Amino acid sequence: MPSRSQEPRVAGWGRQFVPGRELFSEDLERASKGAHLLRGLGRSYGDASLPAPGCPDVLTTTLADRVLRLTDDGVLRAEAGLSLRALNRLTLHRGLFVPVTPGTQFVTLGGMVASDVHGKRHHVAGTIGRHVRALRMRVADGRIVECSPETHADLFWATIGGMGLTGAILEVELQLERTPSPWIYQEMTKHGDLDSLLAALEEGSRNWPMTVAWIDCVTRGRAMGRGILFVGRWAEAHESPPEPPRWGEASIPVPFEAPNWAISPPTVRAFNTAYYHKQLRSKVQGFVSPETFFYPLDVIADWNLGYGSSGLTQHQAVIPRQAGPQGVRALLERLTALSAASPLCVLKDCGEQGQGLLSFPRPGTSIAIDMPVRSGTAAAVAQLNEVVIEYGGRIYLTKDQFTSAADFRAMEPRLDDFMDVRRRWDPELRFRSAQSVRLFGDSPFATGT
Amino acid sequence: MQYVFVGATRGMGRALARRMVARGDTLFLLGRDAEGLDRCATDLRARAGREDAVVGVGALDLLQPDGFGPAVDAAVAALGSVDGFVVSAGLFAPGPALEADLALAERVLRANFTGTILLCEHARRHLLPSKGQLVVFSSVAGDRGRKPIAIYGASKAGLSHYLESVDHRFAADGLRVLTVKPGFVRTAMTAGLPEPPFAGEPDAVAKRVLAAMDAGKPVVYAPAIWALVMLVIRLLPRFVMRRVGF
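Quick note, the sequences are listed as chains A and B, same order.
If you read the first sequence in my numbering, its first letter stands for residue 1, the second for the next number, and so on.
If you read the second sequence in my numbering, its first letter stands for residue 1, the second for the next number, and so on.
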């Protein structure tokens, strides 16, 4: 029979496997003694949740998912392994919802904090860090510490978006928000080129609390950057459908690993053309469930198998507002020239930068592009990063697997401040990941650590 | 419905308890780990959105049968009346570990066999008057003697045998007995073990067990495919079982 343990390997969502062994425990407080890295549901694409070379063990939090407090005014305290999906199912019918959600609900609270996730509401609600009231952590010297914006604030803000490198997040306390109904009112509008799409995204953000755009990033010429803008808001009680939305019990599985050519320029071009023209009218509106609106890809379980055995990566970067549309255009032109993209290419306008020391979003436009991994992927990422650096942008560590340490340094002047706080709490850099070795200058563990 | 639940703090028991309180059941939790019981009760109350989802918690250790009577009586008294007992607690260790450590083997045998059966005897006395339901987690490991699970499998085989007998003996009096036979399920208990095909998730097991409870079934395999897998394994001749590794 096939066995996980004979050849223990672990990978992120992009399926780039490394030697590693997941440890599971329902008692995170006990199991985190001596841990070097924690991971949740493994939805970060790259190596953020993978063990540093030399120490294969990574503590998986998903069994530690108890809700410790949920008040009528929306204060939630729970163990770090609680999934967003479980949380949503718990809160939506009570008229509460997370103020910030990423594009999948297969993430844990701990992972959301470590990535300081953002979402379709970033321009009004910021990142999740703005809504975290407190964290309970095991820090490198073995102590259990409660931190918040008021207590041990340095540790708190380094942990928000700190990629799990400041300690083990055991519990998260969040402020949820009230929703007028369990439905979203959504409008979708088609735009035939990049300029009109960017202008519509900017205008949408002035008028709507939720915005995102799907962009066709393989079509060249005048129609380059054509796409569909999605805007939305919570529906008011008087206008929404009377029945609560059904929350999906099961999702459709991808039954096997697709061949590597399944995501290639001809198939992506065909998909994008079909997807763009699927919406016949220039504008479509209606009420949709939060699941449909926020998590369209969650319908397909294990959709990463569709990229075949070589897996995938995502390049997500934010181009600062002052760079203007030409920054976004330059990145897309580089991307189309590389012919490296997949159907998933998403634009989002970002609001104010959060207080997390390494928090990803800043005012500007975020561009996220899924790419099948090929022999030239590292070079393609380097070329994209060249544009990002030129326009003063930065990448999202949660998605990254291929950026070089030099490029990361060039786009991340905040790294030294982060490392100062990290060393204050963890002088020996006990908490490490494959990503921190690749990008932060950490050493691999001496074998047998 | 009101249940005494032994083993709600972890794994499949935790998943089942969550589904039970979500549909409106009221529980009294028994178990070894006092802090774990409190956190579990808090979790269940928060998820259910009602304080009476769990009316109390109490100490019970399957290795300490002297404590069963008082613990069960106190639980039933707190509930007022009882419609069922769920016992998902138990001990597990892989075959080589048990063969190497006979003290550990003795604890596994006592918890899963002697302890669980004596606990069920206490439960039965409370359940017979109300024609209640006894739900006990055994295992597919008890269905056939197999190489990797001689000792654990024996403890569960004995337990399954007992539960079937109790069903035969008291069904006419209205007692309903459900023997739960999980296959390989991804819990902390099985973490790190070689994962066979058809591994299941605790919540999917819980959903299936709850459906079997409602339908009044005597035996449920979970995930469902394990009923077929074990049918085949039970039919394999001895010379084949001597050669294969499972």
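Keep in mind that the hints were calculated from the coordinates and are not lab data.
Mixed in with the good hints, there may be bad ones.
Label-pair distances were calculated between CB atoms; the ranges are [what the hints assert, rightly or not]:
| # | chain 1 | residue 1 | chain 2 | residue 2 | range |
| --- | --- | --- | --- | --- | --- |
| 1 | A | G192 | B | G192 | 25 to 35 Å |
| 2 | A | A274 | B | H161 | 56 to 66 Å |
| 3 | A | S375 | B | E35 | 44 to 54 Å |
| 4 | A | S148 | B | H161 | 36 to 46 Å |
| 5 | B | P96 | A | E386 | 27 to 37 Å |
| 6 | B | R50 | A | G192 | 51 to 61 Å |
| 7 | A | K283 | B | G192 | 30 to 40 Å |
| 8 | B | K147 | A | P259 | 55 to 65 Å |
| 9 | B | V244 | A | F271 | 30 to 40 Å |
| 10 | B | G49 | A | I300 | 48 to 58 Å |
| 11 | A | L297 | B | R23 | 26 to 36 Å |
| 12 | B | R50 | A | D195 | 47 to 57 Å |
Covered stretches of chain B (in silico footprint by chain A; criterion: 3 or more residues with CB under 8 Å from a CB of chain A, positions within the stretch not fixed) [as the list claims (entries may be wrong)]:
| # | region |
| --- | --- |
| 13 | 46–52 |
| 14 | 93–103 |
| 15 | 188–200 |
All values derive from a computational prediction rather than experimental measurement.
Note that the Cβ used here is the ideal one computed from N, Cα and C, for glycine as well.
To see whether the hints hold, each was checked on the structure:
1. G192/A to G192/B: 25 to 35 Å: violated, 54 Å
2. A274/A to H161/B: 56 to 66 Å: Once the Cβ atoms are compared, 60 Å apart, the range 56 to 66 Å for H161/B and A274/A holds.
3. S375/A to E35/B: 44 to 54 Å: holds, 53 Å
4. S148/A to H161/B: 36 to 46 Å: The hinted range 36 to 46 Å is violated for S148/A and H161/B, with Cβ atoms some 55 Å apart.
5. P96/B to E386/A: 27 to 37 Å: Violated, at about 55 Å.
6. R50/B to G192/A: 51 to 61 Å: holds, 54 Å
7. K283/A to G192/B: 30 to 40 Å: violated, 53 Å
8. K147/B to P259/A: 55 to 65 Å: violated, 38 Å
9. V244/B to F271/A: 30 to 40 Å: violated, 45 Å
10. G49/B to I300/A: 48 to 58 Å: Between G49/B and I300/A, where Cβ atoms are some 31 Å apart, the hint is violated.
11. L297/A to R23/B: 26 to 36 Å: holds, 30 Å
12. R50/B to D195/A: 47 to 57 Å: holds, 55 Å
13. 46–52: Held - the region 46–52 of chain B has 3 residues with a Cβ nearer than 8 Å to chain A, which meets the minimum of three.
14. 93–103: violated (count 0)
15. 188–200: holds (count 8)
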